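K.L.:
As a plain string of letters, each chain reads:
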Amino acid sequence: MSSETKQILTTDGIPLEVSLKKAERRNKIKAFLLVAPLLLFLIITYVFPIGDMLLRSVDDKMVTEMLPKTFKAMEEWDGKELPEEEVFEAFYLDFRKLVDEKREGKLSTQLNYTKNGFKSIIKKLRRKSKNFEEGNYKEQIMAVHKRWADVEYWKAIKRRAPAITGQKYLKGMDMYKNESGEIVSVEEDRRIHRILWLRTLEIAFFVTLFCFLMAYPIAHLLATLPMKYSNLLMICVLLPFWTSLLVRTASWMILLQQQGVVNDFFVGIGLVADDARPEMMYNKTGTYVAMTQILLPFMVLPLYSVMKTISPSLMRAGKSLGGTPIVAFWKVYFPLTIPGIGAGCLLCFILAIGYYITPALVGGASGTLISNQIAFHMKSTLDWSFASAMGLMLLSGVLVIYWLYNKIVGIDNIKLG
Amino acid sequence: MALPKHTELHYRIWHYFYLTICGAVFFFLIAPLFVIFPLSFNAEEFLSFSDGMKSLDPDAFSLRWYKDMIYGTKNPWGLAAKNSFIIAIFATIGSVLLGTVAALGLSSRHMPYKGIIMAVLISPMIVPLIISGVAIFFFMAKAGLAATHTGIVLAHIILGTPFVVITVTATLSGFDHSVTRAAASLGSNPVNTFMKITLPLILPGVISGGLFAFVTSFDEVVVVLFLAGLENTTIPIQMWTGLREQLSPTILAVATCLIILSTLILVTAELLRRRSERLRGINR
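Same order as they appear, the protein sequences are chains P and E.
Reminder that position 82 of the first sequence reads as 76 in this note's numbering, one-by-one numbering, no gaps.
Reminder that position 79 of the second sequence reads as 200 in this note's numbering, one-by-one numbering, no gaps.
Read the hints as simulated data drawn from the structure, not as lab findings.
Each hint should be verified, as a subset may be incorrect.
With a Cα cut of at most 30 angstroms, we get these calculated BS3-like pairs of lysine-lysine [what the hints assert, rightly or not]:
no., chain 1, residue 1, chain 2, residue 2
1, P, LYS113, P, LYS132
2, E, LYS235, P, LYS24
3, P, LYS22, E, LYS126
4, P, LYS22, E, LYS317
Per label pair, the in silico range of CB-to-CB distance [to be verified]:
no., chain 1, residue 1, chain 2, residue 2, range
5, P, LEU308, E, PHE158, 37 to 45 angstroms
6, P, LEU203, E, ALA152, 15 to 23 angstroms
7, E, PRO159, P, LYS24, 51 to 59 angstroms
8, P, TYR163, E, PRO159, 49 to 57 angstroms
Beyond 10 angstroms from chain E on every Cβ pair, some chain P residues (computed) [stated by the list, open to error]:
no., residue
9, ALA155
10, VAL178
11, SER314
Because the structure is a prediction, the values reported are computed rather than measured.
Cβ coordinates follow ideal geometry from the N, Cα and C atoms, glycine included.
All chains, full assembly: derive it from the sequences and hints.
P.N.:
Laid out in structure tokens, this is it:
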């Protein structure tokens, strides 16, 4: 049958199917070309640099490049007994070169990260190695300090041979690889990063919860009031939304300080004594209060846009069928708002988990988040690879939520204002 | 929200309880902004209400911090404001151009891999700013654009485009494509059609996206902190430094100006949104 069906041709004699496909392809290319400039721009200036962060975070070629001969000679070494003369010779040659280039200080810092005690013996070696005689370097180096004759220190050097390391990621979770290559946690009192991760999650979770609890009633009010009033009240939500983050943080700093308005009020109504004004800023309380107010509009707007679409007759129907208002609300209204709740909560959580400015200003030491630690390493310690590693750990968490958000809400459904 | 006469007492109580809660939340949202206003007119150097201010003594109020903001010799606000405006304007133009064109492509039903491309284009809005800051800093440092206006403008284009893409695609979702086909059938070329038909119809969306991009750039501090040198200081950077070092009332004067600016932007955005809804209502 099919072979007998005549193909439909366009006016210029090309089969319609081919012609349509061609047009379709042309449209596809056209649409893609429109997106291409922005896509290309973002890939070059944004996506690649994030990839660059990944490379930096595992990069460990500094020592690898400083001691090339040593690591080559060490390939044969089994790492049990002290290495052979050739390793010592190679190390001596590498080391002399570093001293000539005045880079031995960097080496000692780097090796000291791996094992404490390298700093002093490298200093000593630099002084003594000027007068080394040719040959038998093993004896001469071991004579500089007894630690140079300790196999543990040579093992520590060998551990720095690979150019790639996951060490920074372990450090971000307060773990490290010990001498025998096992991954273990640092001592209990030095686990600062775990505390920060947990605190970040805790604050993001509770801020999201507070936002939800506060946003639900007002979104409902905005959605059910007549336009005339709701437009006016909407300004209360939108004005903070459009106002500079720093301005809002500044106002909280004024309100929450010890001589501030909130404390004055508490003293005025006799809640606290004048000389016992509570510390509400530079701690977790400050972070909670300020972040909740700042992120509240991001919860109200998605809830509002969902509630706006729910017809009031549904609640009336629920009530007329014998449900009390509470039952009607719980069985009819609430389930319909779940998409809005999902969107608002995920958005709030994503924003809260990466918050930097507000915690840095009102958080003090106990209210700072992981972002502040990243900024600290970028600006103060200049350990950029560690900052990159922590940034990517945070990013992977955010991307999981983003993916969830996309699944549940769909990114094309994000609405602004 | 008047209740019908026959409402039972406990519903009445519940209802007023609900309204009280709403009132409290609205107060929590908006009140902090208003505390800045009176304090910026404080005659003294403190950041709390003096006794004179509480009793509305006119001598307790002054414009000295506004004078200090404008004429203060040590104050970098003039340079900061100039930089902020220049950077924000160029960043807005860039974001609007790139974002609108991309949104046109994304709204086409022929667009391949729409989901994943959209995810990439929106990502600067979702990725925590600190991570964007680190990544963009690495790029700008390599490209030799750190501590230049160009670098900061490019960074703000990255951060601003998602807003333009979102608002313009939203506007285009209600767009009636038959009008462009009609234009084409009447012999108009695509560029002409875009300028004369499409653009005027989606203009409210484009402008409100532009407003978002402007505010994003004007208010952005995290990325700028990584990128800016002394020459490129902006208002947010000055505020950040001021808030960290010492809260001076001059900052409150600046903050008041910023609140006024954001009110103006809010009003414009709202008017545009309503106009856009009206226009789209006609299309349907």
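K.L.:
Of all the hints numbered above, which does this structure not satisfy? Sort the numbers upward.
P.N.:
3
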